[in-house]
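Chains as they are written, first to last, in the numbering used here: chain A, 449 to 655; chain B, 1141 to 1908.
Read the hints as simulated data drawn from the structure, not as lab findings.
There's no promise every hint is true.
Once the Cα atoms are required to be at most 25 Å apart in a straight line, the calculated DMTMM-like pairs of lysine to aspartate or glutamate come out as [to be verified]:
| no. | chain 1 | residue 1 | chain 2 | residue 2 |
| --- | --- | --- | --- | --- |
| 1 | B | Lys1726 | A | Glu487 |
| 2 | B | Lys1726 | A | Asp461 |
| 3 | B | Lys1726 | A | Glu484 |
Take a look, some chain A residues computed to stay more than 12 Å from chain B by CB distance [said to hold, decoys possible]:
| no. | residue |
| --- | --- |
| 4 | Glu453 |
| 5 | Pro498 |
| 6 | Lys545 |
| 7 | Ala559 |
| 8 | Glu567 |
| 9 | Ala578 |
| 10 | Arg588 |
| 11 | Pro594 |
| 12 | Glu632 |
The beta-carbon is built from N, C-alpha and C at its ideal position, and this holds for glycine as well.
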Amino acid sequence: MSAAEPTVFIVDDDPAVRKALTRLLRTADYRVEAFEGAEAFLNLYNPQHPGCLLLDVAMPGLDGLALQQRLREADACLPIVFLTGQGDIPASVRAMKGGAVDFLSKPVDDAALFTALREAIGLDAAARLAREGQVLIQRRIASLTPRELEVLRQVVQGKPNKQIATELGIAEKTIKIHRGRVMEKMQARSLAELVRLTEYAGLVSTL
Amino acid sequence: MGKAELNPGCQTTFEWLLRSKRISLTVSFVLVVAGLVLFSGVALPVAAEPVRTVLMVYGESRLHPAITILDENLRSAVQEGTGQPVEFLTEFLDVGRFSDGRYETRLTEFLRAKYLGRPVDVIVAGGPTALKYLLRHREEILRGTPVVHMVVTPAQLKALAPPPDVVGVPIDSDPLPTLALALRLHATARRLVLVTGTSAWDLEWEKQLREAVPRLPRPVEVEFLAGLPMEKLQARLRSLTGDAVVFVPTFFRDGAGRSFVSRDGVTQIAQASAAPVYVPYNTYVGIGIVGGYMPTFEAIGRQAGVIVRRLLDGELPTTLHLPPVQRNDYILDWRQLRRFGIAEDSLPAGSILEFRQPSFWKTYRWHIAATFAVILLQAVFIAALLVERRLRRQAIAELRDSEKRMSLAADATGVGIWLWDIARDDIWATAQTRTLYGMPESAPIDFNRFLDTLHPLDRGSTKKSVDEALTTGNDFELQYRVVHPDGEIRWVSARGQVESRNFGQPGTVVGVSLDITARKSAELAVERHRNELARMARVGLSGQLSGAIAHELNQPLTAILSNAQAAQRLMGQEPPDLEEIREIFKDIVEEDQRAVEVIRRLRTLFNRGELQRQPLDLNEVTREVMRLMHSELLTRNVNLVASLAEGLPTVLGDRVQLQQVLLNLIVNASESMAENEPLGRRLTVRTGLGGEGAVTVEVADLGKGVDPDAMDSLFEPFFTTKPQGMGMGLAISRSIIEAHDGRLSVSKNEGAGATFRVSLPVGEDSGL
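Bound conformation, chain A alone (with noise of 0.2 Å):
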């Protein structure tokens, strides 16, 4: 669990519309860090921060979009609302294909620009609750023996005791134990629960 604050990470290579921004941003009681390009903020940013990106789309180097397409190669999944000089609609579909969360126009109202940093940080931290819940249960299931695990498999697929004694080979009633202890160290309350915590650590497929 991180405990740093949510911070918007502004990206703009222009001094006066990267100050302007700050101190907008700032007057509303965001944490703001600023930079003048995207290698800058790639040198610095440490994924473990939560927030969001705030990125103009035309800058020298490393421009907006391919910010965005570094970070998804990097699984940094950091949302980004982006704003633009000028109206480009091929760069704007680009944006939002790529997962941005808006494509605001410069000069960009400020209501317009809070609305959507807070759905960015909402979705920012909503994801990476999610992480953090994924990792926890990945960890309940790399508690289970093998063989527990094995009827994990089989329990989730829907099969019922008898025909996972048969498949295993071993007795109906060694089965029931070990399935007691697989709800157990799951901590699920019920099949469906079960069922429903396998399938959000997103692991299904690999038992």
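With chain A held as given, fit chain B onto it using these hints.
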């Protein structure tokens, strides 16, 4: 010049200061160049350009010759190719001599106070001492400012481990090239003698040499004379035979613990040695050593200057792609080459020879040549006088005939002849002349009467040109409108020649006048036509650029809106932060001015029809276009590299039309690279002097290039390679440039792409 003892880290680098002859020559040359740069800076002030600041930091005290050379070369490299005003501030830390910690603390406090609120764009660390100091204190003095270092060896750099925004090219201290040179120049040498002392730095060198030995280009017997007392060392060196070469890097202390100024130590070693001696520092050249592969301060200063300029141009320290080390020069002592019988043509290409003693013919070449020339000239002069006397007699007779013939011919072709006696202000004119100017056949004419016949708008310029011709004595050629008594307007071209009476005073002006109304109206029609075409093309171009224009305007508007909304919010707080709000208003005003500037630039480009010729600084015209194209190129991912030669003479031209041509060439160039990888989209704009009094602008791309077969049709109307192009851009561009008496040409680049070259004649009243 006394030699100051520096701290050990710097002895290596500042050891080679003392080549006084070369230094003083270079310094005076550099001063002249710097003076010129300064002068042209005064003559062509660039308005509204922000002054960039470079802070030079040296670890030593002032007045080191090496520092002077470094500094001057760095500055001239920074100024080259940029019109941006750059201010240089300099600090001499002198930390080598005041080494106690309190001095450093106080110095840092002082510098922090000094640079508080004084932005610096780039810091230059001149030497390892300065670099070491800056790595410790930069964050306190000038937080986050990039540092360019110079005169630092790779080993020192490795020990200091600077962060990525501290950049520079280390000097090459590898002894191997010098050793290889020695073995190559002495092909019969079978023994390599390596001499080292016992100081920390001597030992460091010994280590480096031992590492170099296995890499020698051919097998030789290696003998280390390490840590011997001076007398023993000298005895061994005296006994060396012709099959040996000696290398000595530094010699600060001998085996008996005696300290030397390294150069003196090396001098004693070189004097004792029977074999040729090689060294890695050019301070030692001239004391009896042959030479070596060494860095020069000129090259080091220039290299650092180029890096500073690139940083000022907006490149990031992390993406500079600098060479791993500075290239050195082979520097050799000519007298030593003769002593050891080394032929000059066996030296590596580009070697620098010092102390060359020229032969008698070379020394007195000009005296001898001048003597012969004087004798020859006298003979020619006497012969010419004899011939001239005969010719003059013939000429007087012929002149009478020719006058008669010319007057007849003049009347027949409509040419009017006239003669103006200036002292009496009386103009004699042929009947043809009076007809041309609509004047009665017999009334006397003076200069004012002549001016009265002209169109009121042409009187001022005509009088000015005539006055000028009288002052300078030059010929003149004028075109003006004459208004006849019936109101008819005729264009007349007049050509006059000022003839001096005596003492340089103009006596008479003789001249001819010709009616050129027919030719002139055709010219005017063509010009109107061209202006119309140019305007159309501009409108087209403005459509292409509208995205970029929007972006260019949106930046300041964004800053203004966000600032204003921030201020609104601050006003709502209790208590409002008035200081911050004041800052915000200041920023809003600044950004508003920026927006106004964008609009002004666009208006001058798109909103005018009339052709206006005026003296122009082509660099200024080019810069304006580059500013206008900045966003457009950014959007297209094109990397613009500008190389503008300073001090170019002005050209006479129409600012808007020339900008239009450049815009067109730049748009074409960036479109030609649209299919390249983003890294391969480099566009180079160069200005410079072409031959024959021409100023040139070149636009080079890395695009598909020009099909050699299409080369000629490229400039024809309706020729296009672009699916949505009209094919008018280059045709109009060429017609604009030709209307300026210039040329627009294209050539294939050696690598990829093509270069378009605009060449314009130097303006007549150019200041240079």
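Going through the hints against the structure:
1. B:Lys1726 x A:Glu487: 30 Å, violated
2. B:Lys1726 x A:Asp461: Status holds; Cα separation ~21 Å.
3. B:Lys1726 x A:Glu484: With Cα atoms ~22 Å apart, Lys1726 (chain B) and Glu484 (chain A) stay inside 25 Å; holds.
4. Glu453: Per Cβ check, Glu453 (chain A) is outside 12 Å of chain B; nearest 20 Å; holds.
5. Pro498: Pro498 (chain A) clear of chain B: closest Cβ-Cβ about 24 Å, beyond 12 Å.
6. Lys545: 19 Å, holds
7. Ala559: Non-interface label fails for Ala559 (chain A): nearest chain B Cβ at 9 Å, not farther than 12 Å.
8. Glu567: With a cut-off of 12 Å, Glu567 (chain A) remains clear of chain B, as the shortest Cβ separation is near 19 Å.
9. Ala578: 33 Å, holds
10. Arg588: 43 Å, holds
11. Pro594: 48 Å, holds
12. Glu632: Nearest chain B Cβ is 53 Å from Glu632 (chain A), so the label holds.
Consistency note: the structure conflicts with the earlier hints numbered 1, 7.
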